[in-house]
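Line by line, the protein sequences give chains D and Y. Just so we're aligned, residue 1 is where the first sequence starts under UniProt numbering, counting upward by one. Just so we're aligned, residue 1 is where the second sequence starts under UniProt numbering, counting upward by one.
Hints may contain errors.
[Stated by the list, open to error] Straight-line Cα separation of at most 25 Å, BS3-like style, residue types lysine-lysine; simulated pairs: (1) K356(D) / K55(D); (2) K489(D) / K364(D); (3) K69(Y) / K231(D); (4) K281(D) / K385(D); (5) K403(D) / K356(D); (6) K69(Y) / K461(D); (7) K69(Y) / K255(D); (8) K356(D) / K371(D).
Bear in mind the hints are in silico, worked out from the structure with no lab data behind them.
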Amino acid sequence: MHYKLTNLLEHIDALALNNPSSCYQDEAGQHSYNELYQKSNQLAAYLQTLNLQTKAPIMIYSDQSFMTVVTMLAAVKAGHAYIPVDVHSPNERVLQIEEIAQPAMILAIQELAFTVQTKVLSPTELQQATFYQATALDSTQSVQGDQNFYIIFTSGTTGVPKGVQISHNNLLSYVNWMLNDFDLPEHVSCLSQAPYSFDLSVMDLYPTLALGGQLKAIGQDITENFAQLFKVLSTLDLQEWVSTPSFVELCLLDKNFQQANYPNLCHFLFCGEELTNSTAKTLLQRFPEARIFNTYGPTEACVAVTAIEITPTIVANYSRLPIGFAKGDTNITAVDEHGTPSCAGELLISGPSVSKGYLNNSAKTQQVFFKQDEQQAYRTGDLGKISADGNIFYRGRTDFQVKLHGYRIELEDIDQNLVSLAPIDQAITVPRYDTNHKVTQLISYVVLNQPLTDPNTALKKLLAANVMDYMIPQRIEVRTSLPKTANGKIDRKTLMAEVNRHA
Amino acid sequence: MDTKETVLNILADLTGDTTIQNNLDESLFDSGLLDSMATVQLLLELQQQLDIDVPVSELERTEWDTPNKIITQVDHLRNA
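Pulled out of the complex, with its shape left as it was, chain Y reads as follows (with noise of 0.2 Å):
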């Protein structure tokens, strides 16, 4: 599976909203649809499905709050 396809599954699963789709570049923090448990558990989905640390300590909020930002950030993650 790719990046794009388990980080949005993931963000459906979470959010229960399934049209995340459709507002890649929208943020999740402002809509209310994640909150900082339910990153915790995003991080940990990610670390458990994809093999990935992420760098919790470094992670700015504003450079994970849409779906989009993620895919590009664990794109990386995995590339590195």
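Excised from the complex, chain D in its bound form (with noise of 0.2 Å):
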């Protein structure tokens, strides 16, 4: 069957419409498809009736449920792109990004601890207005075309997140790729675990409920509880799973993880970070029947631009594994230092899942989108080797920015957070690598203005009220100076050299 949707929300209404299979399992139970019908229309009528600036974003204060889905869809419905922000984010994140996005209104799935100048509507409200009958929804004000439909949040260099702006058409493209290339089961049950202010969960969630399938939630706190994870992962009859590597490399330790226990598992979806060939061959030995899909893409492309599937072939030819070929609609150049095409260098993308830029951050837009033959681009700062055959060798970044854990991390982000703190005067951040190119820790060395009992532990405290748990380094380090370059800036690639003496 080859799709070709064209509008994803009259897709998904088309089909959960008087549906009575489960789209969604959480910690509450399950949920029909008819029941994310009527409550997010509902919900979507009641945002419609308060006379919301026209097409103005919301935040949603979200967690690993059905309720928050229920709201994204309702947003969108409603006619405004939703915001997602993790209930798990430190309050000083929720309210940068207030700051630079301006939200309509705040849709607060979990109780809002702390103040904020835009109207929330609380949990309890939020739950009233899914039942909200006295008008209907008017959906010609939808969200369509090139209007946004999500915008996520990512670390930027100067400390101030980047909200990346997809438009409805950058996701259709990004769905039908989904749809077409990956041979998934139609009423897949699919893994829900990433967070859905992650990019990597629109992986998950939209073709999931464009094929009719159901989405099995794990929040945080069963996933910190490993005895509580392994407990429900092998409840949970998976047939397809979406995750960074990291994840699965944890799930790996537990001998249990194979297919005698998860006999259904058939698909293996990552993407994030660099999955090691180590990881896909033990997984492929694990799971002899499933078919493992490596993938890469910046927020900015909408989630994932290429892919290739994982064959112990491929894991026998290649110590580092691709990250596979363009998907049809996009064009994948590399250019060299000079801006001339070559087949290794920068990768740049052009494509209909490209996003328009960073919202309200027309400086840094500028900085990395472009046009290119009428298509939008973006310079993704990722470096790669392009083979003759079109298949795709990441190779590192221009810049310094890491993943950890599938978490995006610009280190100067973590360097400004650092010397905002009082007793900090100069800080830098570098990556600690392992044998797989893969990094495994950040230490920060810190110069202070002020002794500190124990300021390893007392920094990352007053760390912690500004910046997401996963851009807190695992070490800081206290000197009296830092190195520093020929132009007197500190020099990051000494200390990152002798972090990393062993690699």
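Mind assembling these two chains? They're in different frames, but the hints should get you there.
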């Protein structure tokens, strides 16, 4: 079957209306497609009565629940892009995003424990609004075409996050590719583990709903408690697995994570960071009936733009696995440091899934987005090698962006946030790599302006008020001075070499 | 190298906190020194350095949350 969806919301609505089968399983139990349809429409109709500023985005303070999905769909049905911000985010980050995005409203899946400027719909009010029936939804207002569907915030080099605007057309291009090129079964049962504020979650959410399938959610409280995690995982009867390689590496620590206990698990899809040869090899041994897909893509090009099935032959042939071939409607080229097309260099992506740019940030948008042959294009900062047949190999970064457990982090972002703490005068953050080129730790070196007892712990606590927990370095080491380059900047490369002497 | 020394070395490396040996009964999770991904690293290091298999599916955080508890658990697994 060849899919060519033209409107994602209409497609999901058509298969959801009066459909009693389950679309979502969370801690509260099963939720049917019909419930998704009714509640998202009723909440959307209610939102339309509030006279919110036309097309202004709505922030969703989100967790791993059916209610979050209802709320996301309701926002776009009402005509507003949504900004998912995870409930585990520090208050300061929520406030930063609020300031940049100027949302029309905040829909709180869980109680906000701090004061915001924007009008908030509390969890109780939100629940009530999903039963709203006084007026009907005006679906002519729903998000469509080039209008923003969601905005996901990522780490920015200046210490302030950037909001990547993904339109309905961007998402449609991505979803059609997922439905056509990955051989996913209809009514697929898929893991939903990545937080909705992380665009990897889009890989499980929309393709699964478009296939009439079922999402099996596990929240952070479960993933962090290993005993509970493995108990729950084996009961989910999964067919499709979407996660970062780091999360599956965690699962592979359990000997019982193998085909016999997951008989229907037939698809593994990875994105967000490098899939290592050894992880793929172990996984193929544990799950001989499953197919493994490695994918690659920046949030700016909507989740993923390349893919390849990792077969035993590929594992045997490449010690560093390829990230695969560009999706059909997308063009990926490499340029050398002079901007000349080359078979190796910085990867440029152009095509219908490339974002229009960063929300309310034209300076950053102009730096990295441009037009190429009438198509929207993005300069990734990723280095790659493109083989003659179009297979792409990832080779690192042109700058100081790293992936830690799938999360994208600008090292300068951590530096800026450290320097903004009162006791710190200077700070520099470096990644420590393992032998598979994966970042295992972030280490920050700081110069203090006052003595601190137990600075490592004290500074981590201070930092935690401002940045996501994955951005807190594992080690913060105090130095009396930091090495400098010839032009007086802190010398990150010298410290990187010092930390990675083994590599 | 004995268990205690190995565990403390791994923990010091993972957390960057060299004073861990002075706080053997303090929760590593409460103090923010360990998170779940760092725990995975810890288990991998224990596997490699001491050749023990930690039954991760039975791993209750409350039994692994201080340096002393980790040392006891690892000792138990090494002698199993």
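Status of each hint after checking the structure:
Distance restraint check for K356(D) and K55(D): the Cα-Cα separation of roughly 16 Å lies within the 25 Å cut-off, and the hinted pair is therefore satisfied. Only pairs whose Cα atoms come within 25 Å are accepted, and K489(D) paired with K364(D) is accepted, the gap being roughly 22 Å. Only pairs whose Cα atoms come within 25 Å are accepted, and K69(Y) paired with K231(D) is accepted, the gap being roughly 23 Å. With a C-alpha separation of about 23 Å, the suggested pair K281(D) and K385(D) falls inside the 25 Å cut-off, and the hint holds.
Proximity of K403(D) to K356(D) is assessed by CA-CA distance (about 23 Å); at most 25 Å being required, the pair is judged to hold. A threshold of 25 Å between alpha carbons decides the hint, and for K69(Y) with K461(D) the separation of about 24 Å falls inside it, so the pair holds. This hinted pair checks out: K69(Y) and K255(D) have alpha carbons roughly 23 Å apart, not beyond 25 Å. The suggested pairing of K356(D) with K371(D) holds, with an alpha-carbon distance near 10 Å, which does not exceed 25 Å.
Consistency note: the structure conflicts with none of the earlier hints.
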